[in-house]
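*Asks:* What follows is the residue order along each chain.
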Amino acid sequence: MDTDELAQRLARLAERTAPPPREELAQVVLERGRTQRRQRAAVTSLVAAVAAVVVAAPLLLDGPPGGHRAADEHAVATSIAGVDVLAGPTRGSLAGDAAFLEAVRRLPWTSEDMSGSDVPDAPLDSRRVVFAGDVPGGRWVLVAGENTARPANRDPAAQTDLGALSDTAIAWFAGPPGATPGQLELQSLPRGVDAGRPAALADAGTGALVVVAAPGDTVEVSLRPEVAADGEVGRSWQELAAPDGVAVTTTPPVSSPYAGALRYRVTRQGAEVVTTGPDGRWNESSTAPDVPVDWLRPAPPASPADVVLSSSVVQVLSMLGLSPEETAVDVVWAGDVPAPYTRPARVHLFSVTLPSGATYTDTSLSLDMGGGAVAGTSCGSGIRPAGLPVPEQTFALRCDATDFSDDSGVISSLVLVAPAGATSARALDLDGGVLAEFPLTDGVAVVPFPERAASVQTMTADGSVLASTRPLAFADLGD
Amino acid sequence: MDAAGFEDFVSREQPALLRLAVLLAGDRGHAEDLVQTALLKTYRHWGRITRSGEPTAYVRRVLVTTHTSWRRRLSTTEQVMETLPDRADPAAAPEDDEELRSALLTLPPRMRAAVVLRFYADLSELQTAQLMGCSVSTVNTQTARGLGRLRSLLAPPVLVPEEGA
Numbered sequence: 001m002d003t004d005e006l007a008q009r010l011a012r013l014a015e016r017t018a019p020p021p022r023e024e025l026a027q028v029v030l031e032r033g034r035t036q037r038r039q040r041a042a043v044t045s046l047v048a049a050v051a052a053v054v055v056a057a058p059l060l061l062d063g064p065p066g067g068h069r070a071a072d073e074h075a076v077a078t079s080i081a082g083v084d085v086l087a088g089p090t091r092g093s094l095a096g097d098a099a100f101l102e103a104v105r106r107l108p109w110t111s112e113d114m115s116g117s118d119v120p121d122a123p124l125d126s127r128r129v130v131f132a133g134d135v136p137g138g139r140w141v142l143v144a145g146e147n148t149a150r151p152a153n154r155d156p157a158a159q160t161d162l163g164a165l166s167d168t169a170i171a172w173f174a175g176p177p178g179a180t181p182g183q184l185e186l187q188s189l190p191r192g193v194d195a196g197r198p199a200a201l202a203d204a205g206t207g208a209l210v211v212v213a214a215p216g217d218t219v220e221v222s223l224r225p226e227v228a229a230d231g232e233v234g235r236s237w238q239e240l241a242a243p244d245g246v247a248v249t250t251t252p253p254v255s256s257p258y259a260g261a262l263r264y265r266v267t268r269q270g271a272e273v274v275t276t277g278p279d280g281r282w283n284e285s286s287t288a289p290d291v292p293v294d295w296l297r298p299a300p301p302a303s304p305a306d307v308v309l310s311s312s313v314v315q316v317l318s319m320l321g322l323s324p325e326e327t328a329v330d331v332v333w334a335g336d337v338p339a340p341y342t343r344p345a346r347v348h349l350f351s352v353t354l355p356s357g358a359t360y361t362d363t364s365l366s367l368d369m370g371g372g373a374v375a376g377t378s379c380g381s382g383i384r385p386a387g388l389p390v391p392e393q394t395f396a397l398r399c400d401a402t403d404f405s406d407d408s409g410v411i412s413s414l415v416l417v418a419p420a421g422a423t424s425a426r427a428l429d430l431d432g433g434v435l436a437e438f439p440l441t442d443g444v445a446v447v448p449f450p451e452r453a454a455s456v457q458t459m460t461a462d463g464s465v466l467a468s469t470r471p472l473a474f475a476d477l478g479d
Numbered sequence: 001m002d003a004a005g006f007e008d009f010v011s012r013e014q015p016a017l018l019r020l021a022v023l024l025a026g027d028r029g030h031a032e033d034l035v036q037t038a039l040l041k042t043y044r045h046w047g048r049i050t051r052s053g054e055p056t057a058y059v060r061r062v063l064v065t066t067h068t069s070w071r072r073r074l075s076t077t078e079q080v081m082e083t084l085p086d087r088a089d090p091a092a093a094p095e096d097d098e099e100l101r102s103a104l105l106t107l108p109p110r111m112r113a114a115v116v117l118r119f120y121a122d123l124s125e126l127q128t129a130q131l132m133g134c135s136v137s138t139v140n141t142q143t144a145r146g147l148g149r150l151r152s153l154l155a156p157p158v159l160v161p162e163e164g165a
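The listed protein sequences correspond, in order, to chains W and E. Just so we're aligned, residue 1 is where the first sequence starts under my numbering, counting upward by one. Just so we're aligned, residue 1 is where the second sequence starts under my numbering, counting upward by one.
A hint or two may mislead.
In silico EDC-like cross-links for lysine to aspartate or glutamate, where the CA-CA straight-line distance does not exceed 20 Å [said to hold, decoys possible]:
(1) 41/E / 325/W
(2) 41/E / 13/E
(3) 41/E / 31/W
(4) 41/E / 8/E
(5) 41/E / 54/E
(6) 41/E / 167/W
(7) 41/E / 98/E
(8) 41/E / 7/E
(9) 41/E / 84/W
Source of the hints: derived by calculation from the structure; they are not laboratory data.
Can you build the whole structure from these sequences, using the hints too?
*Replies:* Encoded structure:
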């Protein structure tokens, strides 16, 4: 079979087997998009609770009453094109200090670990200071200039970063309170940006947050996702005062090195411009919190790859914006799966019980690469409603182990972890057809992943079905 | 956001996306899942995408990266609301189409994507690499391996003389 014949056969196969287009698909997607947006929108009754924990946020509390101004995409005509959030005179408390502004405009856009041909270094004559001001715990500056790192291939289809094609690049600088220009350090990697899109920087250690939007924009902040007892995820939003389009505020500092749960949202003429997380200023003083965990099954023999467990737990807590004291962490299972390498990969399955009682389950697949290096990825995650205790739950994972090289082969394993009463299991396809059956040992099995398996049933010794579950997918925190 | 523009986009692009998706995913249900997931992700950033680039390229990239992600699961959190029958009508299926479909399904997702993008979508190695977010050499390797595997699977059976014949 030559490649021309393959191309013809693929075209025929695609033509013959593709599902017919659905007239209502666009409406289905639009409705789902709106539903997700509503779920992320303000839960007004929770705004007060959020405001209460923002103990050091006078600006936060100065804003109009919280609550999302619903954006009806059909009703509100918004022109985002043509709005340059980085244009205009310098904003911020130091905007009147001409000597300071000129000095920071000249600061180099490189540092020891931020340089290279793909990092913009705006020519001096193209630079302008967008924001310069004192913020809680420091002094920050945002400079914009010409994007010198635009890719040679300007085909939008080739870009992985939509800002790469922009004419504009930005760089954030930060320093201690009262810092001179010389004390300011480059904070985030300079990069091409969409000039219509707001820019923001947060400091996990001090809780400072600056959002630079366009004058007249509405800026809101949400501290973390809120997972209700039924597993639904939402966020509470609080509007910030944003004179001249710039919001400067403080959020509660977090114990983790990075404010992973923080989000800001900007709306313009009633329509959402962006909802995203700010660039992060690493909390250098942070030490990873020591999160206590309970092991529901005996731990496997120790492996260097086990270091991934604690960092994975910390990362999940950071994403959820919760402290160890607010949660309970159970390691449901840990063990090895085959990998295309000289040693197997280590899998950890852990479940975090949230304040609502719902659980956030996450996984890590890690490989001891030798020489102290450990590479890691995930076998999926999920959110489950409150109710069934974690030890009584059943989990199915698809773990795709590689050697972490681009050209690696993949060994896919099905990891099933069930209560000890389950003695066997079977993998089913989408039509309910049985693809494979296998025994469980202490409720656990690691078997080659049956191609096209869509769900797994566990059974007792007498053949009764105990539980049916799908392999973990992605937990959707609405981001 | 421009909902009307998005509806026009979906109407225009849906058939081609479904054809690409069915080759990547292997069956109708997952193809619809894949297309809907890609469109939903595209819609979330619709304003930015239409301002910054060509949405067709964006949604196609999302489709491929969603499929080839190491972490993609058979069931995602963004499920289709209904699915068509899992398989095409076997009675109407030329035998070699089914053979090719089965052979494609034996390829790992990234290898399958490389083969489909190179030989169905007729993309260059560079374009395929950019779509998959990997190097050209990776595409070359994955394509060669995939092609080799398909050739071995789709080769005409070798007739072995019976013993004593």
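*Asks:* For each hint, tell me whether it holds in the structure or not.
*Replies:* Consistency of the hints with the structure:
no., hint, verdict
1, 41/E / 325/W, "violated, 34 Å"
2, 41/E / 13/E, "holds, 15 Å"
3, 41/E / 31/W, "holds, 13 Å"
4, 41/E / 8/E, "holds, 17 Å"
5, 41/E / 54/E, "holds, 15 Å"
6, 41/E / 167/W, "violated, 25 Å"
7, 41/E / 98/E, "violated, 31 Å"
8, 41/E / 7/E, "holds, 14 Å"
9, 41/E / 84/W, "violated, 25 Å"
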